[in-house]
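**Student:** Please take these sequences and the hints and turn them into a complete structure.
The lines below spell out each chain.
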Amino acid sequence: MAVRVSMKVNGKAVSGEMEERTLLVTFIREHLRLTGTHVGCDTAQCGACTVIMNGRAVKSCSILAMQAEGADITTIEGVAAPDGTLHPMQAAFKEHHGLQCGFCTPGMVMNAIDFARRNPNPTEQEIREALEGNLCRCTGYHNIVKSIAAGARAMAAAK
Amino acid sequence: MNAPLIGARIPRKEDYRFLTGAGQYTDDVTLPGQTYAVFVRSPHAHARIKAIRTERARRAPGVLAVYTGEDIAAAKLGTLPCGWLITDVNGQPMKEPPYPVLAQGKVRFVGERVAVVVAETAAQARDAAELVEVDYEPLAAVTDATKARAPGAPVIHDIAPDNTCYVWALGDKAAVDAAFAKAAHVTRLEFVNNRLVPNAIEPRAANAVYSRAEDSYTLYVANQNPHVERLLMTAFVMGLPEHKVRVVAPDVGGGFGSKIYLYAEDVVVTWAAKQLNRPVKWTAERSESYLSDAHGRDHHTVAELALDRDGKFLALRVRTTANLGAYLSTFASCIPTILYATLLAGQYTTPAIHCEVTAVFTNTAPVDAYRGAGRPEATYVVERLVETAARELKMDPAEIRRRNFITQFPYQTPVALVYDTGNYHATLEKAQKLADVAGFAARRKASEAKGRRRGLGYACYIEACGIAPSAVAGSLGARAGLFEAGEIRVHPTGTVTVFTGSHSHGQGHETTFAQVVADRLGIPIENVDIVHGDTSKVLFGMGTYGSRSIAVGGTAIMKALDKVIAKGRRIAAHLLEASEADIEYERGVFRVKGTDRQKTFGEVAFAAYVPHNYPLDKLEPGLNENAFYDPTNFTFPAGTYICEVEVDPETGKVTIERWTAVDDFGKVINPMIVEGQVHGGLVQGIGQALTEVCRYDASGQLLTGSFLDYCIPRADDVPSFVVDTCETPCTHNPLGVKGCGEAGAIGAPAALINAITDALGVKDLPMPATPETVWRALRTH
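Chains A and L are the protein sequences, given in the same order. For the first sequence, the positions run 13 to 171 when the numbering used here is used. For the second sequence, the positions run 665 to 1445 when the numbering used here is used.
By construction, these hints were calculated from the structure, which means they are not laboratory data. Quantities reported herein were computed from a predicted structural model and do not represent experimental measurements. There may be inaccurate statements among the hints.
As the list claims (entries may be wrong) - As a list, the in silico BS3-like pairs of lysine-lysine whose alpha-carbon atoms are at most 30 angstroms apart:
{"hint": "1", "chain 1": "L", "residue 1": "Lys1094", "chain 2": "L", "residue 2": "Lys1331"}
{"hint": "2", "chain 1": "L", "residue 1": "Lys1257", "chain 2": "A", "residue 2": "Lys158"}
{"hint": "3", "chain 1": "A", "residue 1": "Lys106", "chain 2": "L", "residue 2": "Lys677"}
{"hint": "4", "chain 1": "A", "residue 1": "Lys106", "chain 2": "L", "residue 2": "Lys1201"}
{"hint": "5", "chain 1": "L", "residue 1": "Lys677", "chain 2": "A", "residue 2": "Lys171"}
{"hint": "6", "chain 1": "A", "residue 1": "Lys106", "chain 2": "L", "residue 2": "Lys1331"}
{"hint": "7", "chain 1": "L", "residue 1": "Lys1331", "chain 2": "L", "residue 2": "Lys1097"}
{"hint": "8", "chain 1": "A", "residue 1": "Lys158", "chain 2": "L", "residue 2": "Lys1331"}
{"hint": "9", "chain 1": "L", "residue 1": "Lys837", "chain 2": "L", "residue 2": "Lys976"}
{"hint": "10", "chain 1": "A", "residue 1": "Lys158", "chain 2": "L", "residue 2": "Lys1201"}
{"hint": "11", "chain 1": "A", "residue 1": "Lys158", "chain 2": "A", "residue 2": "Lys171"}
**Tutor:** Printed below as a string of structure tokens:
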């Protein structure tokens, strides 16, 4: 059965016809061709598909597109300023070498932004625990942790 | 503008696209008319295929084709080749059973490809794959390498009735036996180097398109060495002319070795793209990665170290059984031999070493290079033995190492390598200071007061990188050269595009290589772009593995830069009406020595492309040079890792309290990137020692087939690190570089297990040291 789903993605109204079983991540990647949101596993463990839905970071592989009907979604493509200036969290990842191959990075950044909004001055341990659902195989997390600490401070300062 | 770029922490040029979702990984490439492939995989570890019924699948919605091994055989596609010939101790070549891209009559591991379904959408292909019916006659399976050699074990390949690919040896056995006979002390360990699954976060993917108009193919593939992929696929499997195949490895989300190889899926989608005259894309699900990516390690080893009364090493004897899996993956044969036994001297003057390796087929996924590839296994042997010997002789583990360090270079080891340079005392000393080893006793006391155990462990690793002098590799069985190529294309306005045969899948070549080029030319780094990963753009390349990129690829670029500057001097000499011998080049300026008459790099480039005033009778216009570089020796990064752990005896949980890494990578181009490589390597090594193991049950079912069952470290499993370097420049490349990509993974497991066994007061502990393993060790000890 095909269904029609509408939502707001990166500030723009979008809609599409899809099978009921279509995952939100499939809609984002295949229908909207926003390929910055990645798929790294099939068990909701890696977090590469993390997007912000109605203000909270969610794994877009773990919900159906239908469940996001009417939702307000931000993907990695919607994070930087319209003129291309990096968001403070993105800039912190660059400055602190918080990424290598870049594949887990969009999910890391989306989760980090959500985390830092709720915890503007986190400890290292809080950051590490917040990354429980995001796997990285390149960085050993050392610089991701530093990036998020710096990004959180920069976000708080920019408020 | 001319601050030195070598040694500078330059933020990465590639980051903006990755941080904004603009990276283009293979699965992000969707072509007009795109179709999707899903593979039907064997659920049995060992079985005869009696029949495959595809009719229902063919009739399913959206299905375009279903292919099986019969179609592949009818198309006369070849089998997957192995790139390295190992010669058995009996002088016979290793056994090379055919590795078909779709199973031919028999399956030999769970996950082997039996059929492929191509459909209009991925979901349709997945649905239809469920409808392919395969009748199997299950056969007895064997997954353990030692058991596979036992009499009566199931025979996996007819050409290897004892399941043995080869028995290989290196070193002087008689000298080793003689040394053991007179040794004051012998330390012996028997252990398993656990099987690992590489787990780059981007799963493998391939997307092929065929053009009837051009009779040519383009393959987008998550791969570390696109030219090698093309060569193997065209010349050895598909019989295609190489110039009709373009291989693009776009952004690649990590490799760690697992994306070096030519995989069956790459061949099948390329072949199918022509059959269907449509682009065919396959992207692995993580479950498929676990089943069918090449795994790493899986050694069973007995190792003995002979010492004299003063702790001097007299000889090392190593016997290893290496599990190769069901088939020979692309470089499988050289990993437990050439890249393993040759490293057994470590940092020490051990005068006699003998290593015998028995490589065995089993009903498991093929095993090949994974970050470190042979060198982590060798380091584990040496550094576990050395630490254990120190404890048995009641010597300080640092002191026993110091007594045996190589200090004279070049140094010929008894296992074929010649170390060009190193300073092992320096890395050890610096690491001890940074780790505050002097304060360890007090910290141990404090832990004990809380009811915890505390331990400290060292690993002083060495690795051979910059693979490889082609002639040496060839004499050892390599079926390829191992040089690298680079091209410098100077544009008329003096900006530069660099084409390199190295490939970046996280290492940051687009920045590091640009630093090298901008520094040498004395131009802004913004004026330099690096292109890699496309056989239609890059002249040639052997790709990235074995920490070879900067040492071999970087040197090829330096050689091409020399040619650019040499030609620039001739052009400048003409423009400045001076003799070429009087022209010097520095900081972006060609100058007549001792004068202020000069032309900038941009002016010379412009003259080369607008040759109005130009020595056309003596010099071609244009400024575009390439170079191929074949190294004269390996490079030898080395260092000391010191790990300090605390163990909770109630739960068996190990906490890494401190980790200090001091590496000697020679000259460091970008310390920020190098530190990142060390962090990542360390965590993969910590993963091996603490959390990761790939397990099959006795029937050959994979028990650890997801991120839920196979634990790659998460952020809260690991600490932050203290990372530093010493610089002993490599003596045989112009940058003085050695390579840094694998060190962490090579040195970490031994340091960690040395620390945990120190904390527990036990001689040995199997990897991974999970809480259960540690808890049991505490109770049986």
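**Student:** So if I understand the rule, the pair passes when the alpha-carbon distance is 30 angstroms or less; does A:Lys158 with L:Lys1331 pass?
**Tutor:** Answer holds: A:Lys158 to L:Lys1331 is near 26 angstroms, not above 30 angstroms.
**Student:** Holds or violated: A:Lys106 with L:Lys1201, Cα cutoff 30 angstroms?
**Tutor:** holds (28 angstroms)
**Student:** Given the hint that L:Lys1094 pairs with L:Lys1331, does the C-alpha gap stay at or below 30 angstroms?
**Tutor:** holds (17 angstroms)
**Student:** Given the hinted pair L:Lys677 and A:Lys171, is their alpha-carbon gap at most 30 angstroms?
**Tutor:** Since the Cα atoms of L:Lys677 and A:Lys171 sit roughly 28 angstroms apart, the hinted pair holds (cutoff 30 angstroms).
**Student:** Holds or violated: L:Lys837 and L:Lys976, Cα atoms, limit 30 angstroms.
**Tutor:** holds (19 angstroms)
**Student:** Would the pair L:Lys1331 and L:Lys1097 pass a check requiring their Cα atoms to be no farther apart than 30 angstroms?
**Tutor:** holds (22 angstroms)
**Student:** Measure nothing beyond the straight line between the CA atoms of L:Lys1257 and A:Lys158; if it is 30 angstroms or shorter, mark the hint as holding.
**Tutor:** Measuring from Cα to Cα gives roughly 49 angstroms; hence the hint is violated.
**Student:** Holds or violated: A:Lys106 with L:Lys1331, Cα cutoff 30 angstroms?
**Tutor:** Measuring from Cα to Cα gives roughly 24 angstroms; hence the hint holds.
**Student:** Could you grab the alpha-carbon distance between A:Lys158 and A:Lys171 and see if it respects the 30 angstroms cut-off?
**Tutor:** holds (20 angstroms)
**Student:** With the threshold set at 30 angstroms, check whether the alpha-carbon distance from A:Lys106 to L:Lys677 stays at or below it.
**Tutor:** holds (9 angstroms)
**Student:** Decide if the proposed pair is consistent with the structure: A:Lys158 and L:Lys1201, CA atoms, cutoff 30 angstroms inclusive.
**Tutor:** violated (37 angstroms)
This entry does not satisfy hints 2, 10, going by the numbered hints stated previously.
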